[in-house]
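Visitor: Here my numbering is used: position 70 in the sequence shown is 70, and no number is missing along the way.
Bear in mind the hints are in silico, worked out from the structure with no lab data behind them.
Simulated restraints on C-beta separations: (1) Val50 with Ile76: 23 to 31 Å; (2) Leu3 with Val50: 21 to 29 Å; (3) Arg69 with Tyr46: 27 to 35 Å; (4) Ala122 with Ile66: 15 to 23 Å; (5) Leu115 with Leu43: 19 to 27 Å; (6) Arg137 with Asn102: 54 to 62 Å; (7) Lys4 with Asn102: 31 to 39 Å; (8) Leu3 with Ala134: 35 to 43 Å; (9) Arg21 with Tyr136: 25 to 33 Å.
Every residue, glycine too, gets a C-beta built ideally from N, C-alpha and C.
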Amino acid sequence: MLLKSLLTGFVTAASFAFIYRVPQKQVLRCGLIGAAGLFVFALTGYLGQVAAYFLAATLVALLSEITARMAREPVIVFLIPGVIPLVPGGMAYTTMLSFLQNDYPGGFEQLAVMLFAAGAIAGGITVTSSAFRALYRPRRGHAAD
1 MLLKSLLTGF VTAASFAFIY RVPQKQVLRC GLIGAAGLFV FALTGYLGQV
51 AAYFLAATLV ALLSEITARM AREPVIVFLI PGVIPLVPGG MAYTTMLSFL
101 QNDYPGGFEQ LAVMLFAAGA IAGGITVTSS AFRALYRPRR GHAAD
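Given these sequences and hints, build the entire structure.
Guide: Structure, rendered in structure tokens:
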């Protein structure tokens, strides 16, 4: 299961990096960040979905911030492809399917879970990015990312 998460996360993130025309030398790094995020999601699933999404998104944002500084690229180059494997697209599909099958209680339950998952992803990214902005001060004469 964990090996599958690593492989799936890597292929998904690297593929989206290619689609989004990330510089070729950064595609491997994007794939590794996506693999790490999905691996942490699978590893921390016992804590509950929301916590797993939050921790995985926090790791993806942290790795993206560090890698962006090392590679001298904007953070978004690594963050977007890295977080794509975490997007709860399957949940959105089952939510819509429940509504189409007139299973409104199930649909609203799935909708709530999906919104909490999306909020956890956004929260993990926001916390990490805010911490980096507060702690990292660009040198004089250099523009911030």
